[in-house]
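Chains as they are written, first to last, in the working numbering: chain D, 85 to 211; chain V, 85 to 211; chain C, 85 to 211.
Hints in this document: simulated from the structure, not taken from any laboratory. Hints are not guaranteed to be accurate.
Since the list gives no way to pick out one identical chain from another, each pair is judged satisfied if it fits inside one copy or across any two copies.
[Unchecked claim] The calculated DSS-like cross-link candidates involving lysine-lysine, where the alpha carbons are at most 27 Å apart (straight line), are: (1) Lys182 - Lys94; (2) Lys184 - Lys94; (3) Lys107 - Lys182; (4) Lys184 - Lys205.
None of these values were measured; they are calculated from a predicted model.
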Amino acid sequence: MTEIRVKTSKRVEAVNITEHITKMVESGQGTLVHIYTPHTTCGITINEEADPDVMRDIIDAFERIVPANHPYRHGEGNSDAHIKATLAGSSVTVPYIKGKPALGTWQGIFLMEFDGPRERKVIITLI
Amino acid sequence: MTEIRVKTSKRVEAVNITEHITKMVESGQGTLVHIYTPHTTCGITINEEADPDVMRDIIDAFERIVPANHPYRHGEGNSDAHIKATLAGSSVTVPYIKGKPALGTWQGIFLMEFDGPRERKVIITLI
Amino acid sequence: MTEIRVKTSKRVEAVNITEHITKMVESGQGTLVHIYTPHTTCGITINEEADPDVMRDIIDAFERIVPANHPYRHGEGNSDAHIKATLAGSSVTVPYIKGKPALGTWQGIFLMEFDGPRERKVIITLI
């Protein structure tokens with residue numbers, strides 16, 4: 085189990101963290117890697133890393149689905165970020181084979197920041 | 085592996101089940117805990133437990149994203165609950181360290197009821 | 085760890101893959117089965133398999149939440165499929181007991197195709 089820190093630079097953005105996971109499983113023995121963020125206003129997802137516009141489209145769609153401006157109950161002004169975190173999910177689990185994550189050709193692993201900029205923790209566990 | 089029962093009291097609501105998971109991992113040995121619900125109209129999510137308004141905002145947002153009133157095909161009148169269950173997901177997996185789930189300061193684990201009130205099963209597995 | 089191939093026949097559709105998972109865990113020893121797709125325009129979900137209209141309602145709802153027609157940035161015309169894949173998630177994990185997945189009475193495991201028709205890979209791992 086390893087904890088890494090990810091710095092985000094905007095309120096909403098997707099940060100590619102694939103390299104951290106790839107490095108960790110290189111020396112690991114097992115079959116699955118679990119990537120988890122212990123926060124309530126960001127999420128973890130897997131999607132295309134080749135064209136950065138894909139994650140931008142995803143971030144924008146989340147904003148349309150859950151607008152930041154709405155008369156939410158929670159008084160901290162970041163309810164939309166909490167809702168988006170539940171839609172994205174707080175972890176992903178990926179198989180790995182011979183020290184390499186079984187990611188598809190286009191797949192990358194992303195931290196989805198919905199209430200930044202902040203420093204975020206990501207906990208990586210090998211199974 | 086342990087199965088618990090969770091009683092829900094409304095059609096839609098979030099029930100905090102963190103305490104059950106915390107108790108179970110206290111005596112467990114391993115690195116991850118998997119929390120699963122074998123139903124198709126509720127889900128499991130991780131989000132803020134400090135202010136109950138956060139989960140209320142999330143439940144309300146799910147209702148706006150997937151209205152209960154829509155000419156759905158499925159004849160049982162609970163299609164919105166099925167759709168919300170897929171958006172939320174049927175399980176979460178959380179690391180645990182020295183008998184404690186590695187939840188962040190604000191994180192709790194919730195059963196999201198979308199078609200209650202009912203008694204729901206939750207299966208907790210240590211890895 | 086086993087890889088199966090799933091052929092999809094439409095642009096968007098849900099394909100029931102439960103039987104493949106059931107067969108694989110029959111001979112397996114462990115407590116959890118992880119079902120993963122290494123693609124960025126399809127997802128894996130658990131929902132009702134008894135009435136096929138449930139998954140049709142879910143697929144239709146995803147289309148309303150994330151319309152195919154929108155001025156997305158990504159130039160390949162399938163941004164909606166990428167967004168839907170992140171909403172659905174790329175994997176599910178299910179407990180299994182004595183060679184049977186602990187699926188509820190109504191639950192089935194589905195590949196959600198959002199940019200077909202194609203042949204899709206699904207990687208099944210026993211824990």
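Worksheet item: Failing hints, ascending?
Response: 1 and 2
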